[in-house]
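Engineer: From first to last, the protein sequence lines are chains A and B. The first sequence: position 120 = 572 (the numbering used here), numbered continuously. The second sequence: position 119 = 469 (the numbering used here), numbered continuously.
One or more hints might be untrue.
Said to hold, decoys possible - Example chain A residues on the side facing chain B (calculated, C-beta under 10 Å, incomplete):
1) P487
2) S488
3) I531
4) P586
Bear in mind the hints are in silico, worked out from the structure with no lab data behind them. From the three backbone atoms N, C-alpha and C, an ideal C-beta is built for every residue, glycine too.
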Amino acid sequence: MIKIEKVSKKFKDLAVLKDISLEINKGEVIAIIGPSGSGKSTLLRCINLLEIPTSGKITINGVELLEKGTEVQKIRQNIGMVFQHFNLFPHMTVLKNMTYAPMVVHQISAEEAEKQAIALLERVGLQEKVHEYPSKLSGGQKQRVAIARALAMKPEILLFDEPTSALDPEMVKEVLEVIKSLAHTGITMVLVTHEMGFAREVADKICFLDEGRVAEIAPPQEFFSSPKSARAQQFLDKVL
Amino acid sequence: MDLDFSLVIPYLPLLVNGIILTIKFTVWSTIFGFTWGVLLSLIKISSFKPLALLGQFYTSFFRGTPLLVQLMLIYFATPQLVGYDISSLEAGVLAFGLNSAAYISESIRGGILSVDKGQREAAMALGVSEFRIMKDIILPQAFKNILPSLVNESIALLKDSSMVAIIGVGDTLRWAQQVQAKTFRAFEAFIVVALIYYVMVMVLTAIGSYLERRARVSD
Ligand SMILES: Nc1ncnc2c1ncn2[C@@H]1O[C@H](COP(=O)(O)OP(=O)(O)OP(=O)(O)O)[C@@H](O)[C@H]1O
Ligand SMILES: [Mg+2]
Chain A
453 MIKIEKVSKK FKDLAVLKDI SLEINKGEVI AIIGPSGSGK STLLRCINLL EIPTSGKITI
513 NGVELLEKGT EVQKIRQNIG MVFQHFNLFP HMTVLKNMTY APMVVHQISA EEAEKQAIAL
573 LERVGLQEKV HEYPSKLSGG QKQRVAIARA LAMKPEILLF DEPTSALDPE MVKEVLEVIK
633 SLAHTGITMV LVTHEMGFAR EVADKICFLD EGRVAEIAPP QEFFSSPKSA RAQQFLDKVL
Chain B
351 MDLDFSLVIP YLPLLVNGII LTIKFTVWST IFGFTWGVLL SLIKISSFKP LALLGQFYTS
411 FFRGTPLLVQ LMLIYFATPQ LVGYDISSLE AGVLAFGLNS AAYISESIRG GILSVDKGQR
471 EAAMALGVSE FRIMKDIILP QAFKNILPSL VNESIALLKD SSMVAIIGVG DTLRWAQQVQ
531 AKTFRAFEAF IVVALIYYVM VMVLTAIGSY LERRARVSD
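In isolation and in its complexed conformation, chain A is listed as follows (with noise of 0.2 Å):
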């Protein structure tokens, strides 16, 4: 479903990422860890278009992102992504958050929009929210209506970058809890990630990046128990 082939990405002088070869099945849940600095987030944003790839070819259901002609807005339509500092929109309420992208991008209306907005944030728990303003809610309880503000676009890509590093750590766990009951229900899952206990449970892949390359593509099990490469063996070593 996403082939990412020979991607690869400078800012100015600074290649971040080199010869990046990937490919991602449908439903599939990859989970994209290594170092700072490494380039996962860059990774991240160039599925859909938020960075640029310097060179190489991204293709998702066939469709070449990089070609002339392709209608970005439309690729980005098919593919939430959620944002380590949630980026709400703090002048609307939870429900506005929400029903505003379906309502102007595919152009449902009001109702529609709100009965299947409520019906989300029933999804990740936060039904009694529907009317506050994002700045009365609690970290985890923000990305948690980001995640649904995502999935009120009825994507078939969902892109996490680090969705649960700039939350207290007793809202961890109620942030995963929702990212865990999305996985392998058809969705396609591309997560960045600080928590290796997490990706080892929820994950089909895991794809460890260091210095711009990939270092290592392997099942979670094999990846943790026995990584190939020495840099993973050095970044595990680290972490866990």
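On the provided structure of chain A, position chain B with the ligands as indicated by the hints.
Structural biologist: Just chain B with the ligands now, with coordinates in the frame of chain A:
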């Protein structure tokens, strides 16, 4: 010193006209200045360099020359230049709108840049168009951040509007000049006018704090 406010009483009905004119003038200049200011701020953050430079030059010109000179220039030069016999009121609104747009656009530009870039990214990731992102996500947050300076700009416009009396617009200040000419007394008329400006500014200030309170419901 003898003061006799009863002297100005016969002229009060005329004063009402002056006040209405001042208000009308301020409202139109604010609307014009604000609309053009928003556009100008977008021009200044445009990634098309020549356009952005033009916007910057515009701002530096209107901020670098006296408003009174701009007013005179527009009032006296327009008929000569384009053959249109511009009324003093039109010239006033034009000069004040063009001028305040320069100041407003600077605040708005700052307001836009102060919005967290994660906001734009979140909206982009949802597939929202550039235009809607600006209109629904960025500008509302930018306005909220700069509301106090927008209110100040409107107050400045109200006070500066008294300059149009110079080119003969029958505004509040002009009334005092006329009363002075007829009664040969200055103090009474000017103190009345000063008080009226003060009251109008206080009303605007109150409207401003009301708007700020409303904008803060999401905090
Ligand atoms: N917009 C940018 N401009 C310039 N350099 C950037 C930009 N974004 C990222 N970088 C650089 O690219 C490198 C990789 O950044 P990236 O955010 O992808 O790393 P990461 O693996 O997500 O790290 P972390 O775990 O700290 O989030 C870093 O050296 C970073 O400073
Ligand atoms: Mg990162």
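Engineer: It remains to establish, for every hint, whether it holds in the given structure.
Structural biologist: Outcome of the hint check:
1. P487: 23 Å, violated
2. S488: 19 Å, violated
3. I531: OK, holds: A:I531 within 10 Å of chain B, min 7 Å.
4. P586: Cβ of A:P586 sits 8 Å from chain B, so the hint holds.
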